[in-house]
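Quick note, the sequences are listed as chains A and B, same order.
Residues 1 to 653 (UniProt numbering) are what the first sequence spells out, left to right.
Residues 1 to 549 (UniProt numbering) are what the second sequence spells out, left to right.
None of these hints come from the bench; they were simulated from the model.
Zero decoy hints are in this set.
Some chain B residues judged to face chain A by a derived CB distance under 7 Å, without partners named:
{"hint": "1", "residue": "75"}
{"hint": "2", "residue": "80"}
{"hint": "3", "residue": "258"}
{"hint": "4", "residue": "262"}
{"hint": "5", "residue": "340"}
{"hint": "6", "residue": "526"}
{"hint": "7", "residue": "533"}
In the DSSO-like style, the derived pairs of lysine-lysine whose C-alpha atoms are separated by at most 30 Å in a straight line are:
{"hint": "8", "chain 1": "A", "residue 1": "285", "chain 2": "B", "residue 2": "297"}
{"hint": "9", "chain 1": "B", "residue 1": "297", "chain 2": "A", "residue 2": "295"}
{"hint": "10", "chain 1": "B", "residue 1": "198", "chain 2": "A", "residue 2": "350"}
{"hint": "11", "chain 1": "B", "residue 1": "283", "chain 2": "B", "residue 2": "297"}
{"hint": "12", "chain 1": "B", "residue 1": "287", "chain 2": "B", "residue 2": "350"}
{"hint": "13", "chain 1": "A", "residue 1": "270", "chain 2": "B", "residue 2": "283"}
{"hint": "14", "chain 1": "B", "residue 1": "297", "chain 2": "B", "residue 2": "287"}
{"hint": "15", "chain 1": "B", "residue 1": "287", "chain 2": "A", "residue 2": "263"}
Covered by chain B, per the in silico footprint, the following chain A stretches (three or more residues, Cβ under 8 Å):
{"hint": "16", "stretch": "22-33"}
{"hint": "17", "stretch": "200-206"}
{"hint": "18", "stretch": "285-292"}
{"hint": "19", "stretch": "365-377"}
Where is the CB? At the ideal position from N, CA and C, for every residue including glycine.
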Amino acid sequence: MCRTSASLGSVRRSLSRSSAAALAGAVRGALGPRGGRALLLRPTGEAMPTRDGRRLLEALSVEPPAARVMAARACSHRAATGDGAKSFVVLLAAVLRGLRAAGGGAGLRRALRDFEAQVLERAAARGLRRHLRPAPPGSLEPLLEPYLAGRLGPGERRRLARLCAEMCRRCAPADATRPQVLRLLGRRFPELHAAVPGLPLASSRVLPGIVLRRDFAAYCPTDGELRALLVTQPLRPALTAPGVEFVVDSEGQYLASLRWITKRTEALMKHLQSNSVKLLLSSVKQEDVVIYYAKLYGVSVVECLSSEEMALISEVTGVSPYVPFGDDMDREITETAVVTFCQPLLLVSKRCVHIGFASVCAFQPHCLILCGPVDGVNEQHAAALQEAFTMLQQLFKTVDQRGEWKVEGESQSKASDVCSWHSSATQKQLVIENTCNTNQVSECQLKALSDETERKVFDPDKCDLLVHNQKNHSTSVLVAHNADIVTACEGLNVGKGLEETCCHVVPFKPEESRASIAQDYSNCLIEAGSVLPVGGYFEILLHYYIQDYAKQCQQSEVTIVSNVVADALLSIPKALYQTERDGFTKFYLEAINLLKKNQPLPVNNEGLESVYCKYQLVISVLHCVTELLSIDLVISIRRPLQKFEDRDSEDDT
Amino acid sequence: MSRLEAKKPPLFISEPLTRDAVSQSLSLLSGILKSSYGPAGRLKQLHNGVGGCVCTTSQSSALLGHLCLSQPVLHVLTASVRNHVSRFSDCGLFTAILCCGFIENFRSLNVAPFTVIKISKHLLSLCMDHLKSEACGCQVSVDFSSVETLVCLVRSILTSKPACMLNKTEVDHLTSLVLKAFIFTVPCHVETNAVLGKCVVIPVKGGRVVDSTVLPGLLIEAPEIQLGKPLAVKRTGSNMIKIALFSVSMSGDGSNPEEGTIVVRHGVSLEVSELNQLLNVGKQLVKDEVGLVVCQKVMHPSLKQYLKEQGVVAVDRAGLSLMDPLGRVTGSQPIASIHSLPPGCYGSLKDLCVESFASKHFLHLIPGDTVICSLILCNRSETAWDELKRVCETAEHVLQHKVRKIVPASTLRDLGCSQTQYRLVAEGFCRSLESVARSLSHDGEEVLTDVVYGHCWFVPPRSPCVSRWSDLVSKCGCGVSGSTEDLSWSFLQGQSGSPVLQACPQEPSVKVADLRVLDCFAAKCSGLQVALETANLILDLSYIIEDQN
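Just chain B, same shape as in the assembly (with noise of 0.2 Å):
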């Protein structure tokens, strides 16, 4: 028998922000997110104190989805912050950085939330609206007929995660090859509704980086198929290999999706009548020149044996997320019967041959045409191997996503103001954005940032003070601008009122190749609004019922 309890009464607490605990806790979450931040970000070690593995990292997904937070008001934030990177992959830290920066400096303020709601609100869509428009001087079109402003927006994202602890020739190694790998998915025949393909990344750990590669097509593995031998795979006519794709079961066990019961008569076995069915798909599969059969599920070893020995390449458990990926490169649909095989159903291949990566064998499915390609990703340790993924899938997704435009980071500066609420409330978004900018450097480089761009720019720590910056300063932040003239650079520690920027020159003073870090532009402005209205969710609590049962 259960034991009944009393229920607990919930918990009532009123005005949580004001709570030194609160505060406490939210400065913390933002010192450890603000030294992650940027190419030069620290790593941080995640462990629970009891073994099992250690995540070196600084990316918020890892951050975010591993840290154990006690107040239930940073739930929400950090809730916030793991939906926008599922959905953009990048700019996470900036959206959690920033969104902290609102807290705090909205809470200082002494104005009722509803006003710093309704003013915050009124700057982001002024914010919008300026980078948006023509005039903004962030944006930086890719060229698409070169690859040279893809390769630094991949590179970027590449280095902003000093915890894959990859060398300048690694580097530049996986930038090309995630550059190559989007290049595939990009298909070739544009139709009106154009799909980008897929990207499989298979795992190699123990191998070195710099043994990565991409290929085209898929791969599969493969335990069963001894290397060194030539693989000798039945042709058609045509020169191409006929595939068979499986998505029913060939265990030949009977299973049965029926309710009722069936009775068997005594001397009748309902799995040799299977197994003799099986067979009769294998002699029609080799009757009608099928030169390799792959089995989502379980293949009976009877079949598998039988089209060994006929010529046939037979693969099984090839499991359902490659189901998808193998239909789109053979052009087949996966057979849902072994009853009846339609004359249309098998895909074709252009080539077969076996690949082996750091001991592990694999069937490398050639297609004539493809939109599919596999990147082969190796690193040596466990940990690194696990950021190095997340990393390079994230490049892959960023390209993907909106690779039209892009913004270089730190550049977001805002608007003056007229009233002293809304002076205040202005200045505590600035600020806000600032700190972002400022939370780059993590040397004690000095942070300027110029009013002619609202670029930034890094000065070494202890520089002498000098008249002129320009000495001092070779290239902005992101690599845009150049000190070729006098942009009157001040520090960036939170003076408001900033003239109006000016567009960037409209002929870089640099090629394009030469930039530094580029941004996603949509991760950018969505994870700026998702930040603020993040922060005036948590700005508006005015209480917390705590359920304790």
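The shape of chain A in the complex, shown without the other chains (with noise of 0.2 Å):
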């Protein structure tokens, strides 16, 4: 049985209406460095604190089908990317509003797929990427703080960050080994850190080697280096096994069984003992007997270990476990870990394990001993320091083209090149003489436009539509934040003061990278590595470059769809300044007109973020919009619908 519940039309409006925006207005408040932090209250009475986008948006547990689409799509990318769940869903909302704005409909949603190939790449490689700069080697707190300071409070995220760096640093010594060593942190993060409630956080710091959680089962005290031997079966014989029969005839038998049982388990550790093996690590409860002959052979013995631990172990010393049965008690034992030390170590109250091991692999064991005031704390930290391990490990990845524009040959898009080179010439000559007045530079930009594209058929439908469009959009970003074209000036002004006074300059050499872009012609769109100043800056940077292309498009309906979405990028540094005064008008006319003046735009000393982060999300938050346009009915069952298991759904461990 199934019900529609209602028709086409209003099926798209209940789609875009309000659920975008009461999600983005439910998270608005935690984004940013200035963000607050939300207090989750789960029913067993535990209180978590937390500025996670997607425990946010789980806790919300939204109704609405399309909203519950939103969220896990803003979850899925955030798994993927390790951030970006808040400003996903802002970002949706306000390309949805956009859309709504211009009337919808079908041919839009058509539209969104060609703006990516023929205007968002266009964008990036050729705007976007001329800003660009590679991140510094070896120094990864610049990164790490602006990150943090998204999800932490303003006390923690310093200490937090140097603590990140050192991890790393001391995991992979060596840089090239890098993003080898950030996938196993992100990985095995939890059992790579220890968290410690009651201390404060200054007293955090990271230990070389491992740290288990619990107590030796047996502690015998050695000096220098050892081997240990991974178990994951008991090791004291069994009398008889499940579905086994053992049948005692006599008293005597039965005896005897006990002590042979008793006799083989002390052979055993004597084995283990003339293999100098001092040390076990069991994944099961070990037998009273196994631990007691352990400590008369002066074996140390961990149990209970989880398969986690284990595996890491594993991968760390490349040893897999032992298998002790065998009538074969003389054979050596080769697969044995080298412990370089292994000691009892005091966390607040409880006694853990600390082995240092000898590592067969690129990464060097250390861990994080995380101290906090409350648990809820410590959670908020392990997972911020876990999603910036993923984080990082995209620092590492290229975005490469999808759209089939370069194919139709170099030479046209060399000659293109040019062009558009040349059109930003005069652009910047009509800008100068123009500073003040931005809508008069968006007219005169379209004059340029139309200028340039001679061969372009023109109906004048499309030109009035064009224009009508670009007054919206400077009202729009001047309405929105109350200042006249007299506050713009000055805000201009004080772009200017800070200009002079900032010493950090974006490397920029148009030339260059320009000869670049005409030789280089791999698949690549954004390189490994590259980087931009947090702050609203690559959003800024692709909203003037798309609007740039999206003159050079012939079809109407892909420049409404570049304008949307150069538009509903700045709500993203909207939120950013929201609690300054006329913050966001400062920042934006100010880059805006260096932009124009083809200047390198101002650095701030507040850190970087990886690129590609950044234009993923811009792509996901394309395509979420795209299947939420596509949907044309919502079914309404009866019966709970199987569960699919999203990619998601593990990381939550």
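Can you join these two chains into the complex? Each is in its own frame, and there are hints to help.
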């Protein structure tokens, strides 16, 4: 039985109306470096402070199906890149709002796909790319601090960024092995840190080796290097096994069997001792007899290790678990791990096991002792760090081109490139003449565009639409921030002052980069390791270049979509600067003016962010929008749906 | 079939700190804690209204553990303080009051939380630098060659909890016991890795406090031992007593850890065979001249009887918690198998005797040289005993913990500032610290501070307003400074911008033994940091999402 809930038109309205805006409103308070924390109260009474977009979205447990889809897409984007669940929702809401204002319709949906190939990729490759710079080698703090600022309180981010960078440095002393080690850190972080509640954050530190959060079952102190054995089964031989019957014929036989078991256990320990194995790491609980003989023969025992801990130790040492049974007790044990030290460690009042392993892979084992006043804070910190490792991995990825615009032919692209360069030069002049009047600027730009694109078929409707849209855009920016032209000019002056005081400048070499674009015709849009300063620079740049390239576009609908997306991109810097009065207007005008003058953007000292993550965010949002717009019917059913395994569902642990 | 209930939507509360309910709860909590603080603190009676026992206490661990708080924000605060207490056993009330103070003071500032947190974090780092520097006048180093400072430290912990209902003789008696117990746990022969021993607290309810005592070695409760009969224990050639320690069950009930099935032929009894094996073990023990057998679990009566007949003292049901100290006292491994007794598995004792405290009989194991001791703690009522036990454990923990550095309570003051916000936050910071110092006084005493050392001075209430405070005060709150010179006192009530404080005189005018209150420095520093971090966490909350299912 099924019941269609509404007609086609109302479906689309309900999809894009309030859900996205409501979600965005809920996460906006936690967005950016000045965002606040939310306290999640679980039904069990636990209180968990968080700023993680994913957790927030989950805690909101939204009802409408469209909102559920949005939350799910935001979470899966976050799981893939380690960043951007909150920005995703804010950007999505802005795009949907813009599309609705533009009238919606199937044409726009198609145009969304064309926009990605025709405008977005060009804007990234020809515009954005010139501003990118490589990540500073060796130092991760400039990337980590702004990232953590988005998910931790103001008092904690610096300390944690240092800890995280120290951890990366010590686990991967060689830069070349870093991507590999970051993958391992991201995957195994739950086993590579120990949380200590009741101590201030300042007491946190990075320790060499691995801390296992349980006490030794048997501890025999030794000095220097020793060998360790991994075990996954009980070492005491069993009298019977499940499904096996042991027939007792006489009391003597029974006693003899028990005695044999004891002797056999003792012999095994003797064998370990003769092979100079001094540490047993067991995933199962061993019998008292085993522990007893281990103590007698100077073998330390740690038991009940989780499968994740066993896997980590196997990965680090390259050793697989030992199978003890077999009649050949004289055989030498070869599969042993080299342990550099093995000692008890007191964390609060809990005794833990602290082991140093000699690594066979690039990862040099280190672990993080994470201190905080309450467990919830430690959980928040640990989650932020684990995602930071995922985020850092993205630094080594590239964005490849998907659209077919380059396949058209090299010479043509080259030509268009040069052409676009000239056009921007003309614009530059125009801009200088009309610095203060943004309305005029957009009209001038339009004229420039119309002059340049003579080949294009010009129909008056389309032109009108373009003009209308451009005006719309400029006014929307100004109205939203209560700034008339006079204040805009003031803002500009302030901006110039800032520029003078700022000593850091993005390396910006138009001639060279133009040449490199012309020559370097690989499929790569954004190179690995590209970064930009934080604070909305990515959004402003993309906003500017999308608008720039949209003008060359022939399809009117693509142009509409371009403008919608370009405007929507500004919603993120708007949210970032929401606490400062006129902060966004100042920032916007200053940046746009510098871009028009083809000057490099000023750089703040607040840190850097990975362009790959940011670009991926835009792509994911566009895909989500396309998906939402393609839904024509919401069907309510009675039976619960079988849950699909999301990519991020495993991430929950 | 289980009933399916529709999921309730979560409750979304924005700006939780601006709500009246939160500030009321906060000030109530802070009032409760402040009135319990310090040696003159008032007691609180906790009961649940439907019966059961009543807890009389002024300790943070008991108070915060039992209070039911309606506001989730305060759960964060109490959880944080309880974590601190579980780590340091000291300065719980200090941390909690300070944290409440920070929240109340910073919230009223009308400065964005983001800015407050940044500035306060900076102030904290200044404080920590000052406290850790040599110039800090708050620290008194402990001279381990004289017990006087240690006595003072223990006494200030014991007297800070009035719910123990101790009079002066009792405090002195307990102080010496706790200290004795601590000294027992310090190893005599220091190797590279000296490990402190353990003090086992044995409760004896119904006795007098002055009957409490501390004994080297261990006490095992042995109800079957008859008092008065001299204990005849077999000794070895070197006049030591051999002891066998079993961690495996000796009950002979054939408990089997196997997962499969065991098929027993008719006429074969596994129990008999196990008992035979146990008796074999008994014979072996007798042959090996063992004088005492202790079993963690149950021992078969026949085996017990056999050992008794052979003049071997047998004790069972010792329990897991005693096994580790027993192993350390006797120097033996608990034996985990009844099928083989390796030659080196026995331990030894110097002597064994029977002790009795208030109708309870104990076997006293006296080792040759040990770091394990037993503290027999007597008190009349159960409630008072619980409080006393907590206090004694605290004292012991503090002594073990960080005895190198201690700080007199109530001498934490901070620095001045420049810009408006910075000044506002700094003032709030100082006010919070001062309010903790002020809450040491409960009888309406005026609290003064001097500008030279920054110590606290108490003046009886309604004192005549005199020009020379030195006529009224004789000694500061902690007893480090005497009123020998004019220190220009002023009331402690929230004026900030105090001048830079000097270090205390190198030679204190009074003997260290006369000091009144000392706190553990490490606990105090950590408490200060935890209080600020928790307050910042709470201030940073912009909304609460409550799952209502």
